[in-house]
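So the protein sequences, as listed, match chains A and B.
Position 82 of the first sequence, counted from 1, bears residue number 131 in our numbering, the numbering being contiguous throughout.
Position 163 of the second sequence, counted from 1, bears residue number 148 in our numbering, the numbering being contiguous throughout.
Certain hints may be false.
To be verified - Under 10 Å between C-beta atoms, here's a sample of chain A residues computed to sit facing chain B:
1) 57
2) 58
3) 59
4) 63
5) 74
6) 75
7) 77
8) 80
9) 92
10) 96
11) 99
12) 114
13) 129
14) 133
15) 136
16) 138
Since the hints were made in silico from the structure, they are not lab data.
Heads up, the beta-carbon is just placed ideally off N, CA and C, and yes, glycines get one too.
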Amino acid sequence: MRQEKRHKLQLFYEILCAIEDDIDHNKVARPTHIQHNCRLSYDKMMNHFIELRHKYMVYRDSSTGLISLTSKGKKFVKQYSELINLIESAGL
Amino acid sequence: MTDPFTLLHPSYATTTTTTTIAIHHGTNGVVSALPPSLSLFSLVVTVASIFLCSVIAIYFYRSYRFSGFGYLLGLPTGFAILAASFVFEHLNVIYSYSYANESLENLFFWIQLALQSEGFAFIALSYMLKNRAGSISSIANNGLLPDTYKVFFSPHNWIYSSIKIREIIVGVLPMILISIPLMITISALFVQPILNETELKDMSLYTTLFDIVVLGYIFVKCLKPLVKAANIKLLYIPAAFALLWLEQYSLIIHYFDNNQFAFIGSIIVRLAGLGLFVYAIRYVISSVRSREMEVER
């Protein structure tokens, strides 16, 4: 089944949520897990990931390769879910 | 006893013109001022309505900026226009007691009616374009047309032309929706460039009927996805639109019946509707925050 095209911010949100989810369940977030959760190709996921890193929303440990969310990333997830819930509550 | 609606909107006065004139003039023929209690009441209602509309507009504008979906812009624009209409409503009340400025009073009432309908039209536009954006994206994202569409869009098929016509109508509909309030109000100026009370009264009936139809459409479109998703907790916003619909309905009752309770009810229902809308926004946001706090614990 073909999936609907996702907005860039929606992709950011899904990537960040996948990181949070992975940390919650496995204590560490790995790129392959995130890629699997977001249903993205590895290249596309990495492109978005680099953009998120430039925006200081995620942090990648250069020695271990593990990913974590910054406070800015956490704030984005919170605000995005608030506003999406608001849009949904208005039936839009 | 003076009808409060006549006090707020002398243009609506249906009993006798002498009553209205008697309100305008003092006993000694001097132009009387607006009663302070009425002025204060009007000011409180206006400030409350503008504040509530602004809160709604700001939150939904933020949603638009954040999500980037263009169709969302209709809702904050609509509420901003609605807030502007309340300013003119208050100005109309103030000028309705200055007999020397009757033309200004009529002008402000005319602007208020035009803006109010335009505001509701913009809100409806969001719901109208949302459905279209969904249908276009679903076709575009599939890449290929579904089999049924392939049959329909075959140039040899007689259904093709009817679908094409339907598509054109659907495409033009938002433009019609936005232009109707302007057409109704501007046409009144073409009939008679200097607006009189009778004309404004007729115009108010047409714009109120338009508002009722538009709010009914918004209510249905807003309710459908929430019912489908079985999200009963989020029914506050459809309820708020239902209250705004009730406000317009009360104004219609007042138009025909001259019932002062219907008018007072319309003000209460309007404030309740806008208040419920703001409460719904706060409820949604606070529920997200409390969920996050639970996760953090």
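Hints violated by the structure (listed by number, smallest first): Hints 4, 5, 6, 7, 8, 9, 10, 11, 12 contradicted; others consistent.
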